[in-house]
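With chain A's structure known, arrange chain B on it following the hints.
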Amino acid sequence: MLKLHGVMSVRITENRIFGYFFALGGIAAVTAVCLLLRRHINDATVVLAMLLIVLFTALIWGSKPALVASAIGVLSLNFVFLLTEGLLPIEESENVIALAAFLITALTVGQLSASVKQRAAEAEAGRKEARRANAYNRGLLEVSIDPLVTISKDGKITDVNAATELATGYSRTELIGTDFADYFTDPAAARSGYQLAFQEGQVRNYPLEIRHRDGHITPVLYNAAVYRDETGDVVGLFAAARDITERKKAEAALSESEADLRKAQSIAHVGSWRLDIPTNRFTCSDEVFRIFGLHKSLTPTYEDFLNTIHPEDSETVQKAWEAALRGAPYNLEHRIKVGDRIKWIRGRATVEFDKENKPVRAIGTVQDVTERRMAEERLRQSAEEIHDLYNNAPCGYHSIDRDGTIVRMNYTELMWLGYSSVEVIGRKKLSDFLTPESLKKFEEAFPKLKEEGFIQDLELDMVRKDGSILPVLLSSTAVRDREGNYVMSRSTLYDITARRRAEEAVRRLAQLQTVVARLGAYALRGTSMEEVLDEAVKEVAQGLGTEYCKVMELVPERQACLLIAGVGWKPGYAGNAIVSSGPESQAGYTLLSDEPVIVEDFATEKRFARPPLLAEHGVVAGISVVIKTKEGPYGVLSAHTQNRRTFTKDEVSFLQSVSNILGSTIERHRAETRLLRINRAHRALSRCNEALVRAIDEKKFFQQVCEVIVEEGGYRLCWVGRAEKDEAKSVVPLAQAGFEEGYLSTLNITWADTERGRGPTGTSIRTRQTVLVKNIVSDPMMAPWREEALKRGYASSISIPLLVDSEVFGAINIYASEPDAFGAEEVELLTELASDLAFGISTLRTRAEREKAEEELRKLNVELEQRVAERTAELQAANLLKDQHIAREQAMMAELERAREREAEVGFKIQRTLLLDQPPVDVPGLRLAALTIPSQKIDGDFYIFFKHRDQSLDVIVGDVMGKGIPAALVGAATKSCFLKALSHLTAFSKNGKLPEPKEVVMLSHAEVVRQLIDLESFVTLSYARLDVNNHRLDLVDCGHTGIVQVHGKSGVCEELHGENLPLGVREGELYDQISIPFEPGDLFFFYSDGITEARNPAGELFGAERLHECIKANIELGPEAFVEAIRKAVFDFSGTDRLTDDLTCVVVKAETRETPVARAQIEIASDLRNLCRAREFIGSFCRGLPGRPLKQESIGLLQLAVNEAACNIMKHAYHGRKDRWIYIETEAYPSRIVVRLYHLGDSFDPSTLPPPVLDGSRESGFGAYIISKSTDDVRYYRDERGLNCISLMKLRN
Amino acid sequence: MEVVVDQFGEVSVAKVPVEELDASNAPEFKRVITPIVEKNTKLVLDMSRLNFVDSSGLGAILSCLRQLSAKGGDLKLCCLTRQVRAAFELVRMHRIFEIYPTREEAVQAFNGRH
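Chains A and B supply the protein sequences, listed in that same order.
Using the numbering used here, you'd call the opening residue of the first sequence number 1 and step up by one each time.
Using the numbering used here, you'd call the opening residue of the second sequence number 1 and step up by one each time.
This is chain A alone, in the form it adopts within the complex:
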């Protein structure tokens, strides 16, 4: 502004100079012109012209040049025009006034003009200023980026700036005059906004949204104020909008980022906080509340937070915080308690200090690290667990490197081996721990491990530090590096000591059972008792591995046990050594306790003392069992050893089995012996009777009788003594036979009641009673003669009085070399004999008398004859008695046979422990066949056939899991358990009822389950009982492959299945039994999986379907042919003759049990001359049959067959003896004729015969061939009665 003034004053000064020049020039010009034109003009005109100049100058240049111009004009007028007399020649007064007026006019005009000019200049300046200010303001307005607008009082826009144009999209001219409110999204709000401004004078930050012409919206805040004119009236409203889009965006971004922060904090479980230290004001983020489990709404205090710190950690936290206040960084993990929960948090903080180094503020974060801590804890625990598992697992772990050096080994294995880890790790090789044999195995396996990456179930024996052996099962896998090179092994080892022991136990059991079986068979072979006992003690000693074994026989008379058979004892002891039978000896104790007695060590034995016999042999331990018989204990079987030892359950039961065999053998021998003796007595009796009939002379008769008794009866001595009626009452020997050696002359017997008369002979004469001396050794009656008697080998005797005509004639005395040789039957027979003898004496005497007195004889003859007749009747009666005896003998025989049979049954059972039975052929209504084709490896397949008396048959088919010796052993053990269970249950059954199959299965299972589990084996099994009478099959199926029932009528095949588990899966398992009806013509097929799992070269299975087809196709065949057909089918299918599995099957065919329509029997002696009788018998039987007659040809063939069979029996079974018998029985059924030839000769097995030669080069050997060709079925078997039988069957069609 100041500058501007300067410029203006310079310009004014230049103009004024020009004004002065103009004033001079103007006046001069006017004067000049007026002079020129003087004549034409008057003075007034000149004055006017002069005045014009003055005015003009005044107007333009102001008053000063105008004054100059007026002064010059006056002068010009005065001097030029108004005349010229003096200097101031104003002659006329009027002129002077004119002049003054002139001057005044000039001055005024000048003054006026100057003032106008100034004013104009001022106005111009004002205008200029105003214009400039206006431009400035607009510039300001336009510069503003905010839309600015002025609004009139009626709300119309009066002006806008460019920003408004931009914001609305309308031009200024378009906007001016329109309604302000129209440009907003909410016109009403806009309107009320400016109305508010008009009322209030202003509004601040009024939010509105401008709508652009193109629709987009700009959020704005309006500030508006009214503006007024000079008078203070409100003219309009000035409104400025602030575009807040960016701010909004920023706000949104801010709130978003705040939310993000919050979220981030919550995700990371990180909270932030701030503490104003002087005021203790604590602020924190939401996450902090969450972490500390405090509610924001409850406005927790800083102390509330501090209180959550775990008491155990509070000191640590406190210290760290104090350190932080001294400037140390705060970074700490500690626990807090949130309710019942413990949380781990990590706190971090920085403390800010003021200039005086006083802490003013702390900023920090809190992070919830519970999860991480927990995970770490878990990780630590699991690492510990893995470590623990590795080291303390119940199996051994180790790793070996390329060289076999042990690089790792767990505690368990170290413990097993008895080493510490420092002794082993990195120092020893695995091979250092192996036995030479195992080392070989391992050296074969180790390269395989390196190459193939694994070895499995290698059985090794390791050597412990103490030298003992540890059997283990080793499995390894290889650890390899990236290139696949072997780095080390990972090996597991299992201690299989227990398994080995169990296997050993089973092996041992089987060994023992084999011994029992062998011994049973040996005992059955009919060898003598002594041989059996000798064999038994040998087998027991060997079986139990003891040095000594003995059988002690109880001798009750001597209250002692006599060593009658033994092994290991010093020579001369057997047969002589004696121990007490009282409880003070082991043998006696055993007898009394009636159960096995085991002595582990005599040194600690309290029950009884060690008898001298054992002490002498240095016996330390032993076991003994009672040998029982039906008649009471026979004695004791015991085994002894010089070493301390125990005996297992199996060994005990082994010894008991042996003792059972001995017991039953003894029983049998006793029965045989008794029978033998009865036979002897009986023979003696009949021959005595013969002798009596022929007797003439008394002495000779006695002699004959004595001889007969000794010869036939097998006694050692027999003599007849006559009771003399002299004073000494002496007994005089009349006749004697046998081994006497002067015995009788030493006797000096009397029948008086004196010491020598109280012997058996004297007593029997005196008392008329039979006197029996069971044992000369111990009978006090024999005291006077004992020595002499024993010297001559007499052990027992019998004295029978001879009563003739109710008078005592004397006595017959018989001595046997065995003690207790006279049983009740023998006594009876011998008494009978004595009575016959007496009768003989009487007869002879009568005869003698007749010779003396003929007359009397005649008289007496009748009487005598009568008596003879009577006696004959008596003799007949005696014969009848004899027959009774024979019957009894036969009964005894039968009993013996039964005893044999029972024994055979036991032997049979025992032998079957070695897996397979022969199917029985003589089960009426059933026909069986079995097939066993063993594979390369032994399998545990077994079957058992058990025929019961009541027309039922048990068929047990089993299969042991696995192969090889263990499976076979398990099979044998299981089988023996079944037999044991069956016989046990049969023996203890009430009313002779058969035990149910399920009972047998459960009892057997209870026996074997433990061992099976220990051996990790199991047995699948089918137990089928075929009840022929009721046509019912009772089945206990324990997971066996299968049974197929084929219905004969429909030909339908059905698989029978139970739902039981195999044996050995679960202890205490209950087994269910199912019943299946069957009809004659049905077929049952039991088979092992060897059949269905046979494969052909293409790898296909034979399978159940093929099997069914095969069964159906061959249903018509007989059992033998049927199994053969199955075998052939399986072999044809598999295309090989080497099977991988055992092929076992059993077929049972139910037959129609027809009732016979006719029956006949005949008994013929075994004389070839009787063959024609057999033929005639068959011929007439066949021809006389009811119904359709048999073809002559068939009759001929049957006759031929019977002829051949009978001939074979005579020639081979009876070895040509003619005095034996053959019993022929025929039965005719509607469809067939059956002929059975029974005999008691040797049995023969046609399968052992060579095939017949039919080319004419041989003249014999056709018999069996002819029989088989001329009949439809032939069976050779031994029946229940022990008779051998050849059964022939001929179909009637």
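No lab work stands behind these hints: they were computed from the structure.
Note that the structure is a prediction, hence the values are computed from the model and not measured.
Where hints are given, some of them may not hold.
[Claimed, not checked] Pair ranges (Cβ atoms, derived):
1. R82(B) with W1221(A): 31 to 39 Å
2. E1163(A) with R82(B): 24 to 32 Å
3. E19(B) with F1244(A): 28 to 36 Å
4. R92(B) with D1132(A): 25 to 33 Å
5. E19(B) with E1055(A): 58 to 66 Å
6. F1244(A) with E2(B): 33 to 41 Å
7. S835(A) with E2(B): 53 to 61 Å
Cβ coordinates follow ideal geometry from the N, Cα and C atoms, glycine included.
Just chain B now, kept in the frame of chain A:
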């Protein structure tokens, strides 16, 4: 037991003298036939009386054949009853013996061949 032998030129025809030839009488038959077998080389056994023969009987007859064969002779059989023939067939002896229905044919067979 006595065997009747009829002579037809070189051929002798011996008649089996029993109805049944079994193990009981086969040895005797063998004994009585042996001299006849030794005497002759061309022998026919007339079996018309025989209605039963068992393996021993067959053996005896076979023994005759073998003795004759050993010395270059031959044995032919004739007049077999049905049952006897059945027994022969059972052990396939009908293939070893030449069997003719009648004596004449058997004799003829010897003559025809020589």
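We went through each hint and held it up to the structure:
no.	hint	result
1	R82(B) with W1221(A): 31 to 39 Å	holds, 33 Å
2	E1163(A) with R82(B): 24 to 32 Å	holds, 31 Å
3	E19(B) with F1244(A): 28 to 36 Å	holds, 30 Å
4	R92(B) with D1132(A): 25 to 33 Å	holds, 30 Å
5	E19(B) with E1055(A): 58 to 66 Å	holds, 59 Å
6	F1244(A) with E2(B): 33 to 41 Å	holds, 37 Å
7	S835(A) with E2(B): 53 to 61 Å	holds, 57 Å
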